[in-house]
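Asker: For the sequence shown, the working numbering assigns the number 1 to the initial residue and increments by one for each residue that follows.
A few of these clues could be false.
Stated by the list, open to error - Quick list of the computed label-pair ranges, beta carbon to beta carbon: (1) 59 <-> 23: 44 to 50 Å; (2) 19 <-> 57: 50 to 56 Å; (3) 84 <-> 42: 18 to 24 Å; (4) 91 <-> 56: 43 to 49 Å; (5) 88 <-> 19: 38 to 44 Å; (6) 70 <-> 93: 31 to 37 Å.
Said to hold, decoys possible - Quick list of in silico lysine to any residue cross-link-like pairs, SDA-like style, CA-CA up to 20 Å: (7) 55 <-> 44; (8) 91 <-> 30; (9) 88 <-> 42; (10) 91 <-> 32; (11) 31 <-> 87.
Calculated directly from the structure, the hints in this document are not laboratory data. For every residue, glycine included, the Cβ atom is placed at its ideal position computed from N, Cα and C.
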Amino acid sequence: SEQGMQPEPAKSPTTVELSDWDRTVFTYFGKRSAVVPLGCVITAGILASGFYHFKKGNKRTSNIMMRARVAAQAVTVGFMMYSINVTKRQKELGIDI
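Model the full assembly from the supplied sequences, consistent with the hints where possible.
Answerer: Printed below as a string of structure tokens:
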């Protein structure tokens, strides 16, 4: 017989109270969020517009669109990183929103 080996007590389910802010963040940046895919679509649209203007010979507008694409891509990557952290927090809390 092994001494000191006692079974762990059963864990009772805990209720997590969420603030309105947490609920909003989990809704818009959680695992079912459409923010990142939407950002990808917007970035691709800006890129396509930049290529279109470049092909038409409008270099100034093309340059502006490419700069806008960089900004949109940076925002999308930022949202992606934030979504990863929010999803991790949801898993830690056992919340499925």
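Asker: Would you mind marking each hint as holding or not holding in the structure?
Answerer: We went through each hint and held it up to the structure:
no.: 1; hint: 59 <-> 23: 44 to 50 Å; result: holds (47 Å)
no.: 2; hint: 19 <-> 57: 50 to 56 Å; result: holds (53 Å)
no.: 3; hint: 84 <-> 42: 18 to 24 Å; result: holds (20 Å)
no.: 4; hint: 91 <-> 56: 43 to 49 Å; result: holds (48 Å)
no.: 5; hint: 88 <-> 19: 38 to 44 Å; result: violated (18 Å)
no.: 6; hint: 70 <-> 93: 31 to 37 Å; result: holds (35 Å)
no.: 7; hint: 55 <-> 44; result: holds (16 Å)
no.: 8; hint: 91 <-> 30; result: holds (10 Å)
no.: 9; hint: 88 <-> 42; result: violated (26 Å)
no.: 10; hint: 91 <-> 32; result: holds (13 Å)
no.: 11; hint: 31 <-> 87; result: holds (6 Å)
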